[in-house]
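**Q** Sequence:
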Amino acid sequence: DHMNLLGDTETQIAFEKAGIMRPKRITLTGAEGEALRVLEREADGRGVELWRLFEEIELETTGLGWNGSSILVKTRAGELEAVTPLLGEHQARNVALAVAAALALELDGDAIEAGVRLTRWPGRMERLEWKGNGVLLDGAHNPDGSRALVSALRDLGVGKVPLIFGVASDKQ
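Position 61, counted from 1, in the sequence shown is what our numbering calls 58; the numbers after and before it change by one each time, with no gaps.
One thing to keep in mind: the hints can contain errors.
What the hints assert, rightly or not - Straight-line C-alpha distance at most 27 Å; calculated DSS-like pairs for lysine-lysine:
hint, residue 1, residue 2
1, K157, K128
2, K71, K21
3, K71, K14
4, K157, K168
5, K14, K168
As the list claims (entries may be wrong) - Each pair of labels, with its calculated beta carbon distance range:
hint, residue 1, residue 2, range
6, G44, N139, 48 to 56 Å
7, L160, D41, 42 to 50 Å
8, G131, L3, 33 to 41 Å
Don't read these hints as lab results, they were simulated from the structure.
Every residue gets a Cβ at the ideal spot worked out from N, C-alpha and C, and that includes glycine.
Can you make the complete structure from the sequences, with help from the hints?
**A** Here's what the structure looks like:
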């Protein structure tokens, strides 16, 4: 997204996003591959502590079907177990990063757990009823988001379904 501002490649985008890093602060990331290498290099050069998902931020998930996921997040700052109603492994990863940030900020564990449990994201794998039928609304708007949606639907056991798809001309 926002490639007109951030660059045409993952490495250019990662470099631009690294601009928010501040010395002697923690930066959290779920980046992988070449983008992660850019962030690691920038963090080293700026004196930034980089917490990477599945390294400094450990995550264990248990899928709960249409009820979300149970997650256990472990960091140097502590650990927390919570249930997120957001669907899909990609959302569990996003929640883990938010939990890790909250732990690093030393927020109250009960408040973090409640925030995770009460999170709603309209338009992201949102289940609706229409004329007695279930409808799933999702705003996946780039290739990675589309892949995450397909993966989540497979994990939920969804087979072939009708799809209504629209996209703006500035999207891939």
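**Q** Find the hints from earlier in the document that the structure breaks and name them by number, from lowest to highest.
**A** 6
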